[in-house]
Each structure stands twice: as C-alpha cells, then as structure tokens.
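Protein chains in written order, with this note's numbering: chain A, 1 to 743; chain B, 1 to 325.
Please keep in mind that the hints were generated in silico from the structure rather than gathered at the bench. Hints are not guaranteed to be accurate.
What the hints assert, rightly or not - Chain A is nowhere near these chain B residues, computed Cβ spacing over 10 Å in every case: (1) P86; (2) M103; (3) G134; (4) D152; (5) P178.
As the list claims (entries may be wrong) - Derived CB-CB ranges, DEER-like: (6) D167/A / S133/B: 45 to 55 Å; (7) H125/A / G216/B: 34 to 44 Å; (8) R17/B / P684/A: 51 to 61 Å; (9) H125/A / Q295/B: 45 to 55 Å; (10) T202/B / P684/A: 41 to 51 Å; (11) I49/A / H204/B: 38 to 48 Å; (12) T151/A / R291/B: 56 to 66 Å; (13) A179/A / R291/B: 30 to 40 Å; (14) T742/A / R24/B: 36 to 46 Å; (15) D170/B / H125/A: 43 to 53 Å; (16) R58/A / R191/B: 33 to 43 Å.
Idealized CB from N, CA, C, for every residue including glycine.
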Amino acid sequence: MTSIIGRPLTRIDGRAKVTGGARYAADFNQPGQLYAVIVGATVGRGRVIDIDSVRVLRMPGVVAVITHRNAPRLPYGPHKSYIDPAAGERLHVLQDDRVRFYGQPVAVIVADTIDQAERAAAALHVAYAAERPVVDPSDPTSRPIVPVAATPPDARIPADASRGDADKALMDAALKVDATYGIARENHNPMEPHATVAAWDGDRLTLWSKSQFVVNEQAEIAAIFGIPPESVQVICPFIGGAFGTSLRTWPHVTLAALAARQVRRPVKLVLTRKQMFVTTGHRPRTVQRVALGAAANGKLTSLVHEGTGETSRYEEFIEALTAVSGYMYACSNVRTRYRLLPLDIGTPNHMRGPGEASGIFALECAMDELSYVLGIDPIELRRRNEPEMDEGENKPFSSRSLTKCYDLGTERFGWSRRHPGPRSMRDGRLLIGMGVASATYPAFQARSSARARLLADGTAEIEVAASDMGPGTYTSMTQIAAETLGLPVGQVRFRLGRSDYPPAPSHGGSWTMASVGSAIRAACISVQGEAARRATADRSSPVFGAPPDGVEWNEGRLRRRGGSAPGQSYRDIVASAGRPIEASASAQRDPDVARRYSMHAFGAVFAEVAVDPDVGTIRVRRALGVYGAGRIVNPRLAASQCTGGMIGGIGMALMERTVLDTRDGRPVNAHMADYLVPVNLDIPKLEVHFVDEEDPHVNPLGVKGLGEIALVGMAPAIANAVFHATGKRVRDLPIHIENVLTA
Amino acid sequence: MRPFGFEKVRTEQEAIRAAAAGGRYIAGGTTLVDLMRDEVERPERLVDINALPMGGISVEGSDLVIGALARMAEVADHPETKRVQPLIAESLIEGASPQLRNMASIGGNLLQRVRCPYFRMLDATCNKRDPGSGCAAIQGINSGHAILGTSDQCVATHPSDLAVALVALDATMRVRGPQGERSFPVEELYRLPGDTPHLEHTLHPGELIIEVRVPGGPYSRRARYLKVRDRASYEYALVSAAAALDIDNGVIRQARIAAGGVGTRPWRLRACEEALIGKRPIRQAFEAAARLAVQGARPLPGNHYKIELLPRTMVRALEMAGEVA
Chain A
1 MTSIIGRPLT RIDGRAKVTG GARYAADFNQ PGQLYAVIVG ATVGRGRVID IDSVRVLRMP
61 GVVAVITHRN APRLPYGPHK SYIDPAAGER LHVLQDDRVR FYGQPVAVIV ADTIDQAERA
121 AAALHVAYAA ERPVVDPSDP TSRPIVPVAA TPPDARIPAD ASRGDADKAL MDAALKVDAT
181 YGIARENHNP MEPHATVAAW DGDRLTLWSK SQFVVNEQAE IAAIFGIPPE SVQVICPFIG
241 GAFGTSLRTW PHVTLAALAA RQVRRPVKLV LTRKQMFVTT GHRPRTVQRV ALGAAANGKL
301 TSLVHEGTGE TSRYEEFIEA LTAVSGYMYA CSNVRTRYRL LPLDIGTPNH MRGPGEASGI
361 FALECAMDEL SYVLGIDPIE LRRRNEPEMD EGENKPFSSR SLTKCYDLGT ERFGWSRRHP
421 GPRSMRDGRL LIGMGVASAT YPAFQARSSA RARLLADGTA EIEVAASDMG PGTYTSMTQI
481 AAETLGLPVG QVRFRLGRSD YPPAPSHGGS WTMASVGSAI RAACISVQGE AARRATADRS
541 SPVFGAPPDG VEWNEGRLRR RGGSAPGQSY RDIVASAGRP IEASASAQRD PDVARRYSMH
601 AFGAVFAEVA VDPDVGTIRV RRALGVYGAG RIVNPRLAAS QCTGGMIGGI GMALMERTVL
661 DTRDGRPVNA HMADYLVPVN LDIPKLEVHF VDEEDPHVNP LGVKGLGEIA LVGMAPAIAN
721 AVFHATGKRV RDLPIHIENV LTA
Chain B
1 MRPFGFEKVR TEQEAIRAAA AGGRYIAGGT TLVDLMRDEV ERPERLVDIN ALPMGGISVE
61 GSDLVIGALA RMAEVADHPE TKRVQPLIAE SLIEGASPQL RNMASIGGNL LQRVRCPYFR
121 MLDATCNKRD PGSGCAAIQG INSGHAILGT SDQCVATHPS DLAVALVALD ATMRVRGPQG
181 ERSFPVEELY RLPGDTPHLE HTLHPGELII EVRVPGGPYS RRARYLKVRD RASYEYALVS
241 AAAALDIDNG VIRQARIAAG GVGTRPWRLR ACEEALIGKR PIRQAFEAAA RLAVQGARPL
301 PGNHYKIELL PRTMVRALEM AGEVA
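The task is simple: from the sequences and hints, build the whole structure.
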C-alpha cells in the first residue's frame, strides 16, 4: 500500500464547512436560552462610581444586569497554563470597581433576545472617576521592566543573553548597521467572533465555546468558579480562524458561565467585532534595536538585538522576541536583551508567529541593510553566515535546510533578474523591488494523548481534545491514523474539540502535528497491540497462539510474521471480541533528544513589490516561500496553510495596525472597514515549495509544523523589497503610503 | 438597535407623505442599518422606497440619467455608463465592496454619513452627532480627515467616490418633496460644516432624490478617477481625484477636476481647472495647476501627508485622463 501520509487529500470536513453542516460555538443554541451582551468601560483607567441598573432592568426583555456590585465573588483559584503569562494575575471580571483598560467589561446584560440585550447594553449608564491612561510606549512616564519569567537562568525567553562581547565587537567593526524597528499593535481578527454558549445542569457546566485549547478552558473555568474540572465540559468542534486569540480563556467565557448561573437558564454570549479589539489579546507593539557588525567579507562579528514589548499592568506577557538572533547566523559576539513596558491596556497574547515574527522583522531588515553597506547580495550574505550549529545553545541542529530553501527559492523566484541597486528596477512608471528574508520557528512538541477504537464494522475512531482552527487537523490526523492502522482514509473517523477526550496541548505554536500526530500514532499502535493480544488468544483466529512478536499488520490485517496467509481483519477480530477494542496512549518528545539537538524549521521568503512613485501605492506583485519543515503530511493543506500565513504577513507588512487614542486608550479603527487586512485584490500569485527534509530526531513522524513559520519572514521580505524599489528604508510596520510618499 | 416603525411604500406620494410625517427613507440600507445598529442613527420610522419606479439608467440627448434607486453595481456595469460617462463607472467601481455595491442605491450613496471613527462611537464627543458636544478628532486620531473646508467644529471627510465624479462633471439632481419638484447641481447638495456640522445637506424635510443627471461634455470620454489607498479594495480614499480633459489640437480647452478624501464635501478644484486652460497636457502644466489644489488647506497633525498626496494624486489623474485615446 502506498503511503497515505504525504498525499494531497482535500479536507474531509470541507463539505460540512461549505454546506453549513459544521457547527461553530454560537451555533449550539440551547432550549430556553437567553442572550448576554457585555458593556465595556468607556474610560481607559479609573473606577466605576455608579451604574444605573434600575432603569435598564425595566426595559423590555431584560432579565439581569450583572455588575461588580451584584456579581458573586468568584473563587478565581490559582491556575496557570503555559499559554497564560507566568507573572501577574488574570483579570478578575466584575469583581471590583477598577477599570484597567478601555473596553474592560463593567457589566453584562441578559435578555430574552439579542436585540433587547444590545439595546439595554447601549442604554446602561455607567459613571466613572476617570484617570489618564498611559497606552503609548513612547509616553515619557512609561518605564520598561525586566520580565520576571525571563530572569531564571533556564528561562526559555531570557531577559538577557550573550556570548562573546558584542558591544566591543560592534565598536571595533569596520562595517556596521545600527537601527531601530517598530511594529504596530495588531489584532487577530479571525472571521468567527469569540462566542460561548453556557448551560448549567445543577453543578455541572457545559460550554460550547470557541477555543484552541478546550482542556485548558475546562481547567481555567473550573478554577475560576471553584468547581472540579470534571464538572466542566467544553465543546468546540470547529473554529472559524483564531490565529492565537482563542488560546487563552478570556473574561467573556467567565461572564457567559456567570450569567447562566445567575439567571438559571442557558446563556449565549457572542463578542462584537469591536469588543474583539480590546478583551481578547493582540500582538503587542514592539520596539527593537538591532546592530550588526561585519567584516568586509560579510562575516558577522557582532549582533546586538534589544527588544521591548508592551504588556498590561496586571500580567507580564512575554514572547520570544529576540530568540532568533541566538541561532539564526554564525557570530561569536551576540547580545540580546528583552524588556516589557507595562501600559494601561488589556494583556497581549500570542498572535501567529508570536515573538519570532516580530523579532525576525528586525533581524532580517538589519541583514538587508548590512548587505547594501557591504555591497554583497542579500542571499549571499546569509550564506556566508550560515552556522554549522546552534551557536546560542551550543548544539547541533536536528536538521536545517535554510541554504537549500535559498537555492530553490533563488531559482524559482528568478532572483538573478534582480538588479542589485536600490530604485534600479522599473516596469513602466512603477518602481519594482525584490526582497528576501529568512524565516524560522522552533519545532516544538508537547505531551498529548489520544484514544483509538476499532469498531465492529471494521472502521476506527480516534479521539483527542485537539482543535482545528483551519490548518486541516481533521484531515491530516485522519491520514496519520489511516496510515498507522493500514486502513483507507474513509474508514477512519477523527473526532476532536471535547474536553472529555484525551488531553491535547494548545492548538498553537505549530506543534499540533508533532504533538497530536505522535499521540495518534502511538494510540493506533496501542490498539493494534490490543487487537493482536485478543486475536492470538482467540482459538478461532488464524493467528491463535502466535507470540506477540510473531505477528505483523499488513494493510489492516493481522497475520503471522513472514507468512503469506491473508490473516485476520480488524472487523473479524472485533467481531470475535464481541465489543469494540480500545486503547489510549500518550506521546511526548524524548527529553534526551531535546537536550542534544536544536530543533527548528527554516525557510526563505521572497517578495516582489511595485511602488507607484507618484502616489506611493505599494502592492505585492508576487511572493514565494520555501520551507524546510520536516515531513509534509498533506502537501495540499500544507501549501494552503503557508499561503494563509503569507497573506497574514502581507497584512503585517502593509496594512494591520490597531490605532489607540492616547487620551483614553480606545481603539479608533475597531471595524473591518478601518482595520485593514488584505482582500483578494491585494493578494497576487503566491508560491509555496517544500524542500525534502528528513529529520530523524524531532519525533517519530519527522514533522516540524508550519503554522507560524508561514507568516514569519514575509514582513521583512516585503519591507526589504520596498527599500529595493524606492531606496527608502521604512523601519516601522505597517508600511503605508504616507511612509514612502517622499522617497 | 432601537425599535423603529417600518413602512413599505408603493408610490412617490405615499413616500413623501410618510417622510414629511417624520419617516426616514431607506433603500439599500448599507449606511443606515449599520449606523442604527450602533445607535448613531435612531430613526423612529423607516420608509422603504425600494418599490418605487426610480431605478434605471438612460441617455437623454447627451445626458446620462441615473435613477436614484439604481444600485451602484448596476450603474457601474451598464454599457451606457461606460460609453458616455466612464468616469462615473470608474468612481463607482472604486467605491465600497462588491457586496455593498450590489445593495447600495445611488441616492443613498450621495447621502451616506461620514466615516469619522468618533462619529460612530457613542462614547466619543462629536458635533455632528451631538451638536455642541465637541470634536474628538481634532485633538485625536485624524489621519483620515479633511484638510479643506474644515471648521473648528468638524473635520470629517465626505466619503462618497461617486459624488466626487458627479461634482467634477457638473451633474444635477432632481428631487421632489411636499413643496414640489426642483433641480440643482449635486455640488449644492452638500454643506460645509461651519458651526452646524450636524446639517450635512440642503434637502428639505421629506424631499426624495428622484434622479441624477450627468451632462455630456467634450471632456466626458477623456476622464479618469484615481483613488489612492493602502489596500486595493474596500477602503475609503486617503485621497482621490476625478479629472476630465477636453483636448483640442494638443491644447487643453476645458478641464473638470474634483478631489475626494480631502474635503468636508466633494471638493471641486476650479482654480486648478482654470490654470490648465490653453496649456499643453504635459506633466509640468499639471504640476503647476496641482499646486493650487492645496491653497487654503488646513492640515492636522495626522493628515499632513495629504498636502503632499493631493497634488500628486491630481497630477496622476490628469495624466491618466490625458492618456485616454
């Protein structure tokens, strides 16, 4: 049988999605359900001093007005997972009168209909004692801090790290660049809004809730309400895009559960688009300095990377902003520094390619700047600094295909047609620029479990509390199970998105394939073992009496090893057993492998832009990404995932920016007409290639993950192309017309 | 959204009577419903005029006549529009998104409300929404705001692309109301904000836009609309320019120029037009004329770039018009 892993299958859930059969959180309407609408603070900092609930309670259909004055004190027991900031404490919603940021929930209205609830929410008068918030990182009163979680010597994201003496080497360097790069705040803005339907049955709570991490939502809500996790069930079979915004359990989930308990009816709560700009995280604004020193031959002699990210005043959100500079290039003198700037904003969180996407923008733009200082082709410069090992961790890479990615990309993109000088290429009136950047993201793997079940009809069911926010988890996991079991894809059903399934790690960080895929493989092998045990003990089986190592599986049939007999099918084994055969298993990375190897995916991203020299319009004309990311389970879905990431990168480079009014911290463009993301007309031909990469170390499947790396590298490639086109170096994202107008 | 009455009318008389009694006309609803959901618009009663026979696109003599209920997409795609007034088609295609263009009527397009973010947020001050409350934009985020025709009370730009083209082409509109019928230039539909930014147009209570009439001219075919923005579709203009040229023997006889994204109403640039008369259609002439475009402009900290972008956009639009065969 040819391998099922590696086949470009279409999405097995595609038909359900396009025909409306797929049910998203807000689709799970419950009998007798009421509607909840959140009222957000209209000041950026201060206290709630009065809420006129009485008048609103008399409005038609209004069942409850819940505020800090009448909300029960919730236990908010200690609970933190790795997706929550390690330092600080989560927002305790409706537990006090403090307003910590604009839009923070100060009340929730429950009514018979959504219209009545919205009407009442708009009518609720809340009086505040307002204070001036500080939301601008450049505000003179804001002070950077050393992140607590980044100070232990073994911190994955160290506040300070160095090798050699980067500052002295920089001073001594004959050729150098030293520049500061800024990235705007971005909001995830998936199509599907956050939504939770909450229903209590006695002390048991069911949440149909948009989540990338159902078992953590279960644990978090249980901790907040002080009830056992077994009393909470979280269900989320489909996600309409998330990009990280549904990793954490945000206050609206608590409010839905709280409201449902107060009114003793099921409650549905869907955030508005506007609310999704303030209470569900964002990519933090960052300011980074990168300084590079080099010898005339292009070899780096110094790399300094200092980055500051914004966070809230109540939690320290950290991301791997400077991590890439530790391992990307060969350089004996490297110093990185990472700080946080607490502001009067909601806590940021992971947004596709967190840390690396922002960090690589600064590093790869600086490399591009250096290439012009040195007069060396930007790809050649990267080749000359290709390291033989991870010099930061002082260990070999499990695999690294960056130069192979550049080889293939150079050829496919037609890099040789590029004239080296800035502002040297034209197409008619338009200025043409070609830019390039490296991409990278760690190949993580976390512990995951899975359950496999063989049924009487010869089919198999797989269950994991995993998620599919769009990459095609349903399909790729089915492929892994089908391949492992030797069954056709059509005879395997993969189920996910329930907290009572075997636990999976968060659906983020590009580790679902490695983590959940490995667990499914393990569970399938386990259930085969269980089936074999039953068969070899069954007198009616052709393999009866065979020792455990005397049998083998071949295309879904068990036979004596080396024999030519057809053996016994799953169906027959299950029939003999009289009931389904089930096994669970877990998988995690061998810690010894992690100690010995540095494991990352790498890629090369190319972009061509056209800039109108008269009016400054910047359009990406084509882009190409080449990735070395281990084994590709489904090339069609993998390419689609990369295309999506590249589009996200175009948004990051040229469009996305949440603009806050510094007077009260309100986002002024919290609307899809005003917060720009690329539309179809902005997206040219995007090409995706994968280089063959066999990595025997990362995990038994040899997979690295693609979700993040597909976005990482796009923004600097575009920024570098804009420089090549115009001769103007724009170091702040997004690059808008006004930034290149006077080029 | 606040509760509201809804009445579907079958005749113009019914419509005008209902509106004179306090009803608000609704056609495509693409602006009104959006704003009602945010409670920025709070009509007591809506009068659905979609059943009135006011659609249709025709050519009368050299005039293009567009019914007020014709949809943006329909007008943009109509062969007569493209043939006699390509500028109208181009300005429509550059507006909104395909979904919105399928719904939005021509009359509604001309009366759409401003895109100022503070106008759309009930918890911000806005003299247009709540007269006398103040203007949050002047000291706030104002990168999209106007540099021409502003006052200390309001700096919001008029959002319509179509209106820019219509004003450039001296289009007129016919309206009917309780006091009967009248016609006037589209340009006169719009008021400057002055001290009364809540008064945006010159229609009398109950008046209904019946049709828009675009007179043909020797410049009609040599006309282009250029809209400058950070994404290629579905974004309001940072700056836009409508330019139409009548060129005879290599000399400009007449020019029609208007700009969008820069004024508190669609901004006709007559001084620039006059400066082009008798000139050859070359870049230097366009640049010299374009310098006049920003005379009297009052930029804010966030929109200073428009002082640079407006002349450049105008020059480019004129070049594009001049290149039309």
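Each hint tested on the structure:
| no. | hint | verdict |
| --- | --- | --- |
| 1 | P86 | holds, 20 Å |
| 2 | M103 | holds, 15 Å |
| 3 | G134 | holds, 12 Å |
| 4 | D152 | holds, 18 Å |
| 5 | P178 | holds, 32 Å |
| 6 | D167/A / S133/B: 45 to 55 Å | holds, 54 Å |
| 7 | H125/A / G216/B: 34 to 44 Å | violated, 56 Å |
| 8 | R17/B / P684/A: 51 to 61 Å | holds, 54 Å |
| 9 | H125/A / Q295/B: 45 to 55 Å | holds, 46 Å |
| 10 | T202/B / P684/A: 41 to 51 Å | holds, 45 Å |
| 11 | I49/A / H204/B: 38 to 48 Å | holds, 45 Å |
| 12 | T151/A / R291/B: 56 to 66 Å | holds, 58 Å |
| 13 | A179/A / R291/B: 30 to 40 Å | holds, 35 Å |
| 14 | T742/A / R24/B: 36 to 46 Å | holds, 45 Å |
| 15 | D170/B / H125/A: 43 to 53 Å | holds, 49 Å |
| 16 | R58/A / R191/B: 33 to 43 Å | holds, 40 Å |
Taken one by one, the earlier hints fail for this structure only at number 7.
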